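**Q** Next come the chains, spelled out residue by residue.
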Amino acid sequence: MEQQISVARDILEKNDRMAEKLREIFHSKKVLVLNLMSSPGAGKTTLLENTLKALKDKYRMAVIEGDVQTNNDARRIEATGAQAMQINTDGGCHLDSSMIQKVLNEFDLDKIDILFVENVGNLVCPAEFTVGEDHKVTILSVPEGDDKPEKYPLMFAESTAVLLNKTDLLPYVEFNMDRAANFARSLKEGVRIFPVSAKTGEGLQDWYAWLTEQVQAKK
Amino acid sequence: MHEMSIAQNLIQIIDEEMQKHEVHKLNKVKVVHGQLSHIVPEALETAFEVLTQGTRMQGAAIALEEKPLRAKCRECGREFSPEGDDLMIMTCPYCQTEFGHEILSGKELFIEEIEAE
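Protein sequences, first through last, are from chains W and A.
Everything in the first sequence is counted per this note's numbering, starting at 1 for the first residue and increasing by one.
Everything in the second sequence is counted per this note's numbering, starting at 220 for the first residue and increasing by one.
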């Protein structure tokens with residue numbers, strides 16, 4: 001006998017529940033968690049190297065690295081003296097909460113102020129998944145072009161802060177800072193825009209100041 | 220773009236519900252998705268078909284209903300449905316306020332019901 005069964009269940013309930021669980025853990029341990037996203041090669045790891053070295057005496061920081069293959073990035077982070085755990089997705093295009101949960105035991109959250117999650121290089125998918133973070137931060141680099149916020153709106157609509165990286169290359173490529181910044185602002189109210197160069201150090205102080213604000217807010 | 224893993228989640232939930240209600244053959248599943256849920260219906264249908272091969276759900280129909288994006292302006296309180304290609308830019312057509320509107324519907328992705336025996 002055929003039955004019509006009412007279900008009314010969210011298909012993504014599993015990841016949502018795990019994300020909520022992670023959020024509660026990070027909240028109780030007062031750890032600031034940032035989900036760093038960008039295209040491959042935009043400068044996430046270099047930015048982290050700079051940040052970890054600059055703030056090592058001020059905050060205790062650790063990194064979860066996400067890549068399809070290799071532990072190249074985890075090794076770079078470890079060379080700065082910070083703890084890093086590498087997740088290899090073996091083809092997966094983004095990190096999700098269950099992947100984060102699996103490596104979380106490797107960290108002593110009581111001894112961490114900021115946990116960076118460096119997502120898989122990808123300007124599409126990471127925006128759709130939460131890993132229990134406080135903020136999503138997107139890095140767009142100058143050589144990629146100033147129309148990327150328009151073309152990849154979800155990433156920018158989800159990000160509290162946007163770093164426009166590699167400003168040292170502005171003399172060599174077409175990139176209109178205002179165009180990129182304005183479109184990012186039209187997607188997310190109150191988004192903080194940071195033009196930076198991880199290579200020359202330009203603009204990084206403002207990024208560090210924002211990090212400091214966020215850490216205080218979490219405590 | 221993640222229709223494969225969405226289909227996996229979908230099948231897992233249907234499995235639980237079928238066990239709960241002690242039914243053995245799935246005939247139909249109805250999924251409701253909002254305009255802003257980022258799924259491609261054809262891709263989800265295909266993924267579902269592929270993953271249910273050789274299971275008790277094989278051959279079941281999957282019906283997808285799209286719910287429009289509906290927002291309530293945070294400034295003037297009027298309801299509107301953002302139009303056009305740029306659904307992410309939600310400007311209130313009444314008072315032109317750009318952000319912070321309450322999303323009444325459009326982000327959902329849920330299983331409404333199944334038909335099974």
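Just so you know, the hints here were simulated from the structure itself, not pulled from any lab data.
Wrong hints could be hidden among the right ones.
Interface residues of chain A toward chain W, partial, derived using beta-carbon atoms under 7 Å [to be verified]:
{"no.": "1", "residue": "I230"}
{"no.": "2", "residue": "H240"}
{"no.": "3", "residue": "H257"}
{"no.": "4", "residue": "Y313"}
{"no.": "5", "residue": "G319"}
{"no.": "6", "residue": "E321"}
{"no.": "7", "residue": "E336"}
Keeping only pairs whose Cα atoms sit at most 25 Å apart, straight-line, the calculated DSS-like set for lysine-lysine is [what the hints assert, rightly or not]:
{"no.": "8", "chain 1": "W", "residue 1": "K151", "chain 2": "A", "residue 2": "K326"}
{"no.": "9", "chain 1": "W", "residue 1": "K14", "chain 2": "A", "residue 2": "K286"}
{"no.": "10", "chain 1": "W", "residue 1": "K219", "chain 2": "A", "residue 2": "K326"}
{"no.": "11", "chain 1": "W", "residue 1": "K218", "chain 2": "W", "residue 2": "K30"}
{"no.": "12", "chain 1": "W", "residue 1": "K56", "chain 2": "W", "residue 2": "K218"}
{"no.": "13", "chain 1": "W", "residue 1": "K14", "chain 2": "A", "residue 2": "K291"}
Computed footprint of chain W on chain A, listed as stretches where at least three residues anywhere in the stretch have a Cβ under 8 Å from a Cβ of chain W [said to hold, decoys possible]:
{"no.": "14", "region": "220-229"}
{"no.": "15", "region": "292-301"}
{"no.": "16", "region": "329-335"}
Only a predicted model underlies this, so the values are computations on that prediction, with no experimental measurement involved.
Note that the Cβ used here is the ideal one computed from N, Cα and C, for glycine as well.
**Q** Could you run down the list of hints and mark each one as holding or not?
**A** Now the hints, each set against the structure:
1. I230: At about 10 Å, which exceeds the 7 Å cut-off, the nearest Cβ of chain W leaves the hint on I230 of chain A violated.
2. H240: For H240 of chain A, the interface hint holds, since the closest Cβ of chain W sits about 5 Å away, which is under 7 Å.
3. H257: Holds: closest Cβ of chain W sits about 6 Å from H257 of chain A, inside 7 Å.
4. Y313: With a minimum Cβ separation of about 18 Å from chain W (threshold 7 Å), the hint on Y313 of chain A is violated.
5. G319: Hint on G319 of chain A: holds, closest Cβ of chain W at ~6 Å, below 7 Å.
6. E321: Where the cut-off is 7 Å and the nearest Cβ of chain W is about 14 Å from E321 of chain A, the hint is violated.
7. E336: Holds: closest Cβ of chain W sits about 4 Å from E336 of chain A, inside 7 Å.
8. W:K151 <-> A:K326: holds (20 Å)
9. W:K14 <-> A:K286: With a Cα-Cα distance of about 22 Å, the restraint between K14 of chain W and K286 of chain A holds, given a limit of 25 Å.
10. W:K219 <-> A:K326: This hinted pair is violated, its Cα atoms lying about 32 Å apart.
11. W:K218 <-> W:K30: holds (6 Å)
12. W:K56 <-> W:K218: Holds: K56 of chain W and K218 of chain W sit about 18 Å apart, inside 25 Å.
13. W:K14 <-> A:K291: Given that 25 Å is the threshold and the Cα spacing comes to 28 Å, the pair is violated.
14. 220-229: holds (count 5)
15. 292-301: Result for this restraint: violated, n = 0.
16. 329-335: holds (count 7)
Checked against the numbered hints above, the structure breaks hints 1, 4, 6, 10, 13 and 15 and satisfies the rest.
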